[in-house]
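In order, the protein sequence lines correspond to chains A and B. Numbered by full-length UniProt numbering, the letters in the first sequence go through residues 1 to 134 in order. Numbered by full-length UniProt numbering, the letters in the second sequence go through residues 1 to 263 in order.
Treat the hints as calculated values from the structure; they're not laboratory data. Any given hint might turn out to be false.
As the list claims (entries may be wrong) - Computed footprint of chain A on chain B; a stretch qualifies when at least three of its residues, placed anywhere within it, have a C-beta under 8 Å from a C-beta of chain A:
(1) 215-228
(2) 233-247
As the list claims (entries may be wrong) - Incomplete in silico selection of chain A near chain B, CB under 10 Å:
(3) Trp21
(4) Arg23
(5) Thr70
(6) Phe92
(7) Leu94
Every value quoted in this text rests on a predicted model; they were computed, and no experiment measured them. Positions of the beta carbon are idealized from the N, C-alpha and C atoms, including for glycine.
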Amino acid sequence: MSTPRATEVRVYNRPMSTWWWTRRRTYFVFVMRELSSIFVAWFVGFLLAFVYSVGRSEAAYQDFLDWAATPWVVVINVIAAAFLALHVVTWFSLTPQAMDVRIGGQKAPAAAIIASQYVGLAVVSAFVLWLVTR
Amino acid sequence: MPSNPGSNPGSNSGSIRLQVTRYRPESDSEPRFQEYDVPLRKEWTVLDGLNHVKNEVDTTLSFRWSCRMGICGSCGMNVNGDPKLTCAAFLDDYAPGPIRVEPLANFPVVRDLVVDINDFMEKLPRVKPWIIRDDDALLDGDGEIDGEYLQTPEELDAYKQFSMCINCMLCYAACPVYGLDPEFMGPAAIALAERYDLDSRDHGARERLDVLIEHEGVWGCTFVGECTRVCPNHVDPAGAIQRYKVKAAKENVMAFLLPRGAR
Ligand code: SF4
Ligand code: FES
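Put together the whole structure using the sequences plus the hints.
What follows is the structure in structure tokens.
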């Protein structure tokens with residue numbers, strides 16, 4: 001369905017700059033949040049390699065530890081940890097918008113939804129910690 | 001009218017400079033800025049400032065407005081880079097200025113501060129923003145509508161927030177996805193689809209989903225969230241879109257798990 005126009009006007013289209021994401025703080029945070037996914041993928045790979053080496057032999061495990069201690073891997077891991085924190089904080093804070101949680105017909109407050117995710121994260125982390133240190 | 005632009009410009013606390021986009025398609029190859037000093041009054045909005053210019057300084061300036069009270073949605077512009085209803089943006093909040101007033105971002109400029117929103121007008125009916133029924137409970141013998149569908153306050157509450165949209169297009173101006181890909185259906189259209197989906201009187205969810213699970217539909221959205229932040233009526237289009245994604249994903253899983261008839 002298109003609306004017929006009385007006169008054809010010569011409109012001006014403003015092209016979007018390649019640097020649009022640096023123009024607003026919120027856009028910048030968004031792009032960093034998207035970028036953080038790469039580091040999440042890195043950590044997944046890192047963990048898989050770790051588990052794989054543990055499964056293979058003690059020597060392989062030692063090799064993995066040596067590799068993980070090389071400066072560039074440490075640097076990457078520090079950066080990755082920062083991005084992972086950003087990933088967690090930003091996505092947890094967005095959840096209440098995506099989930100319409102109702103308790104007894106009432107909309108659950110956003111703060112409660114966010115808090116419950118951190119509780120969940122703490123419980124899972126504690127369980128993993130118990131699993132590997134027991 | 002206490003805030004009538006142009007009335008007694010002497011009684012003010014100084015002035016503030018507006019840097020206004022000018023574009024005249026018949027003579028300009030691209031937009032440029034023009035500066036105007038307007039009286040800085042406590043109760044004046046950016047729109048009042050523009051009206052002052054139009055009435056007292058330069059009658060050739062073009063811009064849209066109507067209600068002056070945040071209802072009609074026609075006065076949206078980018079003020080210092082932020083999409084705003086200019087009738088709700090006070091000059092005082094930008095003092096000492098200057099204030100940059102530009103046409104809403106992401107839309108083609110027709111003239112000065114006027115943009116072409118035809119793209120949205122063409123997209124809107126595609127999400128079928130009206131009540132769809134799969135029965136004809138209210139039709140009388142002659143096929144005329146007779147009676148009304150009742151609704152409880154809770155049922156109204158379920159969609160009320162999404163029904164507050166005034167089509168001001170601030171969310172489209174704030175959305176980088178729409179700016180980069182004009183095919184994207186956009187925040188307000190999807191929020192409106194959600195408004196009808198959540199309406200207890202409506203049966204059209206399936207039809208709308210077919211349109212919205214296309215690539216230019218909800219999956220185009222990367223959840224920047226800026227639409228929700230700029231919306232003057234707290235519609236939360238970003239929330240509507242994410243909920244749609246959840247619905248669409250559920251639909252996919254169901255389609256995968258269940259035979260067609262069971263859905
Ligand atoms: S959703 Fe909000 S910002 Fe977007 S058009 Fe509607 S009222 Fe304006
Ligand atoms: S003039 Fe109607 S919303 Fe601003």
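Hints and how they fare:
no. : hint    : result
1   : 215-228 : holds (count 6)
2   : 233-247 : holds (count 7)
3   : Trp21   : holds (7 Å)
4   : Arg23   : holds (7 Å)
5   : Thr70   : violated (35 Å)
6   : Phe92   : violated (13 Å)
7   : Leu94   : holds (6 Å)
In this structure, the earlier hints numbered 5, 6 are contradicted, and the remaining ones agree with it.
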